[in-house]
Structures are given as structure tokens and as C-alpha cells.
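Peer 1: Listed below, chain by chain, are the residues.
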Amino acid sequence: MSEAILERSANAQTVTDASAKPAWTDALRHILTIAKREVSGYFASPIAYVFIVIFLLLSGFLTFMVAGFFEHGQANLLSFFAWHPWLYLFLVPAVGMRMWSEERRLGTMELLLTMPITPWQAIVGKFLASWLILALALALTFPLVITVNYLGHPDNGVIFTGYLGSLLLAGAYLSIAAMTSAMTRNQVVSFILSLVVCLFLILAGWPPVTDLLTQWASPWFVQTIAAFSVVTHFDGLQVGVIDSRDVLFFLSVILFSLFTTSVILRAHRAG
Amino acid sequence: MHIRRTNLGSMVTVRNLKKSFGAKWAVDGVSFTVQVGEVLGFLGPNGAGKSTTMRMLTGFIPPSEGEITVGGFSMLEDPIPAKRLIGYLPENAPSYTDMTVLGFLRFAAELRGLRGEANKRAVHRVVEMCFLEPVIHQSIETLSKGYRHRTCFAQSIIHDPQVLVLDEPTDGLDPNQKHEVRTLIRKMGESKAIIFSTHILEEVEAACSRAIIIDRGQIVANGTPEELKQRSTYAGAVTLRIADGSVAQVRQKLEQIPAVAKCAVLSTTPVALRAFATNNGRDLARAIGELAAAERWKIEELHTEEGRLDEVFRSITLPETKREGNP
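Protein chains in written order, with the numbering used here: chain V, 1 to 271; chain U, 1 to 327.
Calculated directly from the structure, the hints in this document are not laboratory data.
On a predicted model such as this, the values are computed, not experimentally measured, just so you know.
One or more hints might be untrue.
Unchecked claim - Which residues of chain V face chain U? A partial, calculated answer using Cβ under 7 Å:
#  : residue
1  : R37
2  : P46
3  : L106
4  : T108
5  : L111
6  : P116
7  : P119
8  : G152
9  : H153
10 : D155
11 : T260
12 : V263
13 : A267
14 : H268
15 : R269
16 : G271
Beta carbons are placed, not taken as given, at the ideal position from N, Cα and C, and that holds for glycine.
Turn these sequences into a full structure, and let the hints steer you where they fit.
Peer 2: What follows is the structure, encoded as C-alpha cells:
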């Protein structure tokens, strides 16, 4: 036994040393390692490029051609952000659908979860990596900010909260896609499931639907349902109001979905 | 050295391990220990519970009942330090196919807490050990099955673990690669506790210091390959071939020897018989030799059988198994 310990190489020594450090730095390192791998995975395949290009093209088309950005003659980005709940509805599940289903299909989940890391570190690392891709695509719409600033005098505070809202919305959708991708090894099933859940979160607070509901349901019921909608909380941020409740709503959707992801993964492993 | 050890001597302890999938018990009360310096072969028909046992041992799936201790750490209560001690090659050797071999190995080393110079050294070491040099910058999806397998194997030994769990490590390899892997396992077994599953019996004889045969989730045999072979009816049997004489006469003479349980005729011209021993003693050959000398038989062949592992395997695992593939 003692011989075996002596025979352990410098490598094994490093592993023992690493365990002596505080747990949170270890956790952070693991999350970063996994996130780094995930981001490089997105760029190794065409997914990241396709997503970014399509997002930019579609948001440009919707803003300028459909919403009539120039015809409004207003120095704001409302006509840009208004489309995001619908644009993300298709694009975000497409980015998130492979997150766990691919791990299940390839069998790498067995490899990942037998590493000396907690499932939470893997879930958070993978989520943050995909969110970073979405944030990158969103950041690449910066010419629009330059344009409105060149053409007029917009309230850049409102533009900032608009971007914040859009980023949180993308994160909320993405966490739902993470959850549904943990349910199946089939990416198409994962895509459709998350699309349906996200669609519900839009429709619950979308004016045409809430107007319809008010005709036969009591107002408190309609309001309760609408409170679950991303649209209700997204709109607040579009007019420049950072209401902590709106931010909390998106963060709790993300936390809840990631927690559910961990429950699904555990249930899957337990058989 | 911060490693606690509650059970000195055995690196891996598994006690009364059970796992049910629905109403079916995939693993039903498995207990064993593995020490450093031991190579334990896990044998069994498909669906016997080998992979499920290994998945529980490595902390991938939680057991329904039972205890697993690795290096003194409980896999259920304190999984991270237990997992740190284990290197694992899952069934079918999965890997991130969109990565290069180098990227994948660096990633695995990083998750094992190896950074900077230590990471580079570790990757370099396993690339050399597993002969991955020619494909190191290639994306894994472009590799042949043998290379993919070795890449995943390299990942399992990247932190020079004290415990190595290998689920069918030679599956899908060509005979040369199989030989290399077996040699590697035997060599590493001197300083590690190794558990590997296989359904190739010659592998057990080639690489294992001990073998466990598992069937329907239960251990049906546990011993060294030699001990297991002793269970064979062939163990200690003597094959005799002589140039002339009558089969019936020779048979009659042989059956008069007290240690001979029964005699089987292998061929009549030339006369060849096999005498099965009553007790697995090695003195049967001498008794037959003396008889032959007295009878002046012209012996062409006389040898003692060692016992056959495949026969033992077939006789203790149930034939005509109505099971599906591995769960």
C-alpha cells in the first residue's frame, strides 16, 4: 500500500494538492473548463456561425423592412427589440437543443459525470457557454446603436435596459432549452419541446391572448397567467425601467429550469 | 497526504450492491474487493449486470442499495474525492467527436485538476503510451475505431489513477491492438487496482490476477483463473494416444485405475482416449504412464488437461439466456 502511494507520480500529487484549495475556486475552474470546451464546440461546428449570421440577418430584416425603423422617424430601438421574443423563439432552442441531448447520444455524459465534478458545475458551465454565444450575437448588433446615435439623440439608458432585457430573455429561453435537451437524446424532440414551452411563456402575456382571456375569465386570473409571461417582464425593460421584479423573474426562470435540468439528469441516471 | 483510508489493503470495496430497473434487478447483491496490484476480470454474458456494476462503481448511476468505497471514500456520501482516484473507460469508449485528440485530452486533464505544465506532461505521457502521436491534431470524428478507443483509454489514465475501471477495453480492436491493451493492463496492474469487464475468456487468462463471473446480477464464481479452471471437468483429465492396440481393451484397463472417473474415446485408429479424473489430482498421468509401461503400449501422446475456462463459464452461467443486450 505505502509503495503504491510512493509510486504515484507528480500528476497525482497535483490532484491531491488541488483538493486542498477552497472548494469554490475548484468549482469555478471546473465551470470555466466546461464552458471553454462548450464554446470551442460551438465554433468547431457551424452552429455558432450559422446562428450569429441568421440572427443578424433576421433581426435586420424585421427591424428595417417589416417594422419600418426609418419610417417611424424615432431615435429608439423599440422596433428592434419588439421582435426578440419571437425571433428567439426559434433561434434559442436551436442553439440549446444539443446541450444535453448530444451528451446522451454520444455517451459522453457518462464520461463527464464520472469526472471529479458536481453535476451542477457541468450544468452551469454548459449553460453559460451557450448564453455567451447568444450574448455575442446580440453584441454584434452594435451598428444599430451607432446608427440611432448618428441619426438622432436617443436615450442610451433605454437602449441599455433594452439590451439587458433581451439578454435575460435569451437566457430564460436557453435555460428551458437546456431542460428539454436533458429529457431526450433526440435533438429534434428537444427543439420542439422547448419551442412549445417558450411559446406558452410568450402567449400567456401577449396582448391578443390576454384580451381574449379577459372576455370570459376574471381579471386576477388573467393577470396571474400574464405574470408568468416573458412578454410582460420584457416590455418593462424596453421602456427603460429596471424593475427588480422583472430581472428577478428572468433569473428565477433560469434558476428553476437549471434546477429542473439537474433533477431530470439525476432521474435519468437513476434509471 | 490527505487521503483517509478506512480499509487498508483494499482499494475498492463493494458491499451488497443492488440496482433495479423497474421490476427487474439488474444487479442483485454483488460484493467484492480489489487491492492495489490486482487486476480483476469481470466476466459474464451480455446483460448480466457488468456495465451497471461499473457505472455504479464510478458514480455515474446511484445504486438502489449497497455501499461502494474507493480509497476509503464512500462513493455515495463523498463522491468527489472517490471519483478523483478513479480512471474510467465507459462502454463503447465515448468522446467529444468535435474535438481534436489533443483538445480532448487537455480537457480531461483539466477536469482532473491538472493545469499548465502538469497538464502538458500528462497529455504527452498518455499520447506516448497509447500511440496517439500520428493523430493528435485530428478531429476525433475523423478517426478509426481503434484510435477513438485508444483516445478514450488515454483519457482514463491521464491522471495516473490508483483505480482503473475499464468496460470492455478491447472491444472493437484488432488482434494487435488487443494484445497491446492487455500488455498495458497487466503492466499497470502492478501498481494500481484494475477492474475490467470482458466477454473474451482468453483475455482473463492473459491479463487477470483474479476473475469474477457474474450472471443475472449475481456473482457466481470468484477466484484466480487457475482456480476457476479447476472447476472444469477437464481439469486433470489425461489424453492418451497410442500407436496400436484395441480401443475396448485399453479403455477397460484405464477404467480399472481408481482415480479414473470415466473414459471417453476420441478415436479408434490411432487409439486415442481421454480419462477424466475423480479428484482434480495431477497424479493421474503418472498412473496411466505406469500402466502403459506395464502393458507395453507405444505411447504417442500423453498429456494432462488444464481445464477450460469456457466450459466453466458455460456450465455456471445459465444457457439459453432470455435477456436483451446491456441495459
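Peer 1: Determine for every hint whether it applies to the structure shown.
Peer 2: Status of each hint after checking the structure:
1. R37: holds (5 Å)
2. P46: violated (11 Å)
3. L106: Result: holds, 5 Å to nearest chain U Cβ.
4. T108: Where the cut-off is 7 Å and the nearest Cβ of chain U is about 5 Å from V/T108, the hint holds.
5. L111: Since the shortest Cβ distance to chain U is 6 Å, the answer is holds.
6. P116: Hint holds; V/P116 Cβ to chain U Cβ min 4 Å, cut 7 Å.
7. P119: With a minimum Cβ separation of about 10 Å from chain U (threshold 7 Å), the hint on V/P119 is violated.
8. G152: At about 45 Å, which exceeds the 7 Å cut-off, the nearest Cβ of chain U leaves the hint on V/G152 violated.
9. H153: Violated, because the Cβ-Cβ distance from V/H153 to chain U comes to roughly 47 Å (cut-off 7 Å).
10. D155: At 43 Å from the nearest chain U Cβ, V/D155 fails the 7 Å test, so the hint is violated.
11. T260: Where the cut-off is 7 Å and the nearest Cβ of chain U is about 19 Å from V/T260, the hint is violated.
12. V263: Constraint on V/V263 not satisfied, violated at 13 Å.
13. A267: violated (10 Å)
14. H268: violated (9 Å)
15. R269: holds (5 Å)
16. G271: holds (5 Å)
In this structure, the hints that do not hold are numbers 2, 7, 8, 9, 10, 11, 12, 13, 14, in rising order.
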